[in-house]
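Student: Counting from 1, position 5 in the sequence shown corresponds to residue 5 in the numbering used here; the numbering is continuous, with no gaps.
Because the hints were derived from the structure by calculation, they are not lab data. Backbone N, C-alpha and C fix where the C-beta goes; we use that ideal spot for every residue, glycine too. Among the hints, a few may not be true.
Unchecked claim - No more than 27 Å apart at the CA atoms, straight line, and that leaves these computed lysine-lysine pairs for DSS-like: (1) Lys38 x Lys83; (2) Lys38 x Lys85; (3) Lys38 x Lys49; (4) Lys52 x Lys38; (5) Lys52 x Lys83; (6) Lys49 x Lys83; (7) Lys52 x Lys85; (8) Lys85 x Lys49.
As the list claims (entries may be wrong) - The following label-pair restraints were derived from C-beta to C-beta distances: (9) Gly64 x Asn33: 15 to 23 Å; (10) Asp45 x Glu86: 16 to 24 Å; (11) Thr74 x Ile26: 16 to 24 Å; (12) Asn28 x Asn62: 13 to 21 Å; (13) Ser43 x Glu86: 18 to 26 Å; (14) Ser31 x Glu55: 14 to 22 Å; (15) Asn62 x Ile24: 17 to 25 Å; (16) Thr42 x Asn71: 19 to 27 Å; (17) Asn71 x Ile24: 28 to 36 Å; (18) Ser31 x Lys85: 13 to 21 Å; (19) Gly48 x Ile24: 13 to 21 Å; (20) Lys49 x Lys85: 15 to 23 Å; (21) Gln73 x Thr42: 28 to 36 Å; (22) Ser60 x Asn28: 12 to 20 Å.
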Amino acid sequence: MEALLTVAFFLLFTNIKLIRKMAIYIVNTQSSNLNVRKEPNTSCDIIGKLAKGTEVEVSSINNGWGTISFNGQTGYVSADYLKLKEVSDDALDALKF
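Model the full assembly from the supplied sequences, consistent with the hints where possible.
Tutor: Right under this line is the structure:
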């Protein structure tokens, strides 16, 4: 029984990560733009900005930072300012057992 619960737990969280990798988010700041950083921390260089309401595809979220593609390079944005817009059909299909 323990093994079955472990497998179920693994599958659940693996699929949640899959959904996040295929999700579209909206920049949800109060008034200013969202900084896009070179590395996932606030002391790293800012490589650009995203305006409030901008839709962005987030490839992963780890430790409070979303990984995005920005002008051909990898960028990081604070996940605190991202609001989930939609999840792709492929991600939803991945949840069906």
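Student: Now, for every hint given, state plainly whether the structure supports it.
Tutor: Results for each hint:
no.: 1; hint: Lys38 x Lys83; in the structure: 21 Å, holds
no.: 2; hint: Lys38 x Lys85; in the structure: 24 Å, holds
no.: 3; hint: Lys38 x Lys49; in the structure: 12 Å, holds
no.: 4; hint: Lys52 x Lys38; in the structure: 20 Å, holds
no.: 5; hint: Lys52 x Lys83; in the structure: 11 Å, holds
no.: 6; hint: Lys49 x Lys83; in the structure: 16 Å, holds
no.: 7; hint: Lys52 x Lys85; in the structure: 14 Å, holds
no.: 8; hint: Lys85 x Lys49; in the structure: 19 Å, holds
no.: 9; hint: Gly64 x Asn33: 15 to 23 Å; in the structure: 18 Å, holds
no.: 10; hint: Asp45 x Glu86: 16 to 24 Å; in the structure: 31 Å, violated
no.: 11; hint: Thr74 x Ile26: 16 to 24 Å; in the structure: 20 Å, holds
no.: 12; hint: Asn28 x Asn62: 13 to 21 Å; in the structure: 19 Å, holds
no.: 13; hint: Ser43 x Glu86: 18 to 26 Å; in the structure: 32 Å, violated
no.: 14; hint: Ser31 x Glu55: 14 to 22 Å; in the structure: 19 Å, holds
no.: 15; hint: Asn62 x Ile24: 17 to 25 Å; in the structure: 18 Å, holds
no.: 16; hint: Thr42 x Asn71: 19 to 27 Å; in the structure: 20 Å, holds
no.: 17; hint: Asn71 x Ile24: 28 to 36 Å; in the structure: 18 Å, violated
no.: 18; hint: Ser31 x Lys85: 13 to 21 Å; in the structure: 20 Å, holds
no.: 19; hint: Gly48 x Ile24: 13 to 21 Å; in the structure: 18 Å, holds
no.: 20; hint: Lys49 x Lys85: 15 to 23 Å; in the structure: 19 Å, holds
no.: 21; hint: Gln73 x Thr42: 28 to 36 Å; in the structure: 18 Å, violated
no.: 22; hint: Ser60 x Asn28: 12 to 20 Å; in the structure: 18 Å, holds
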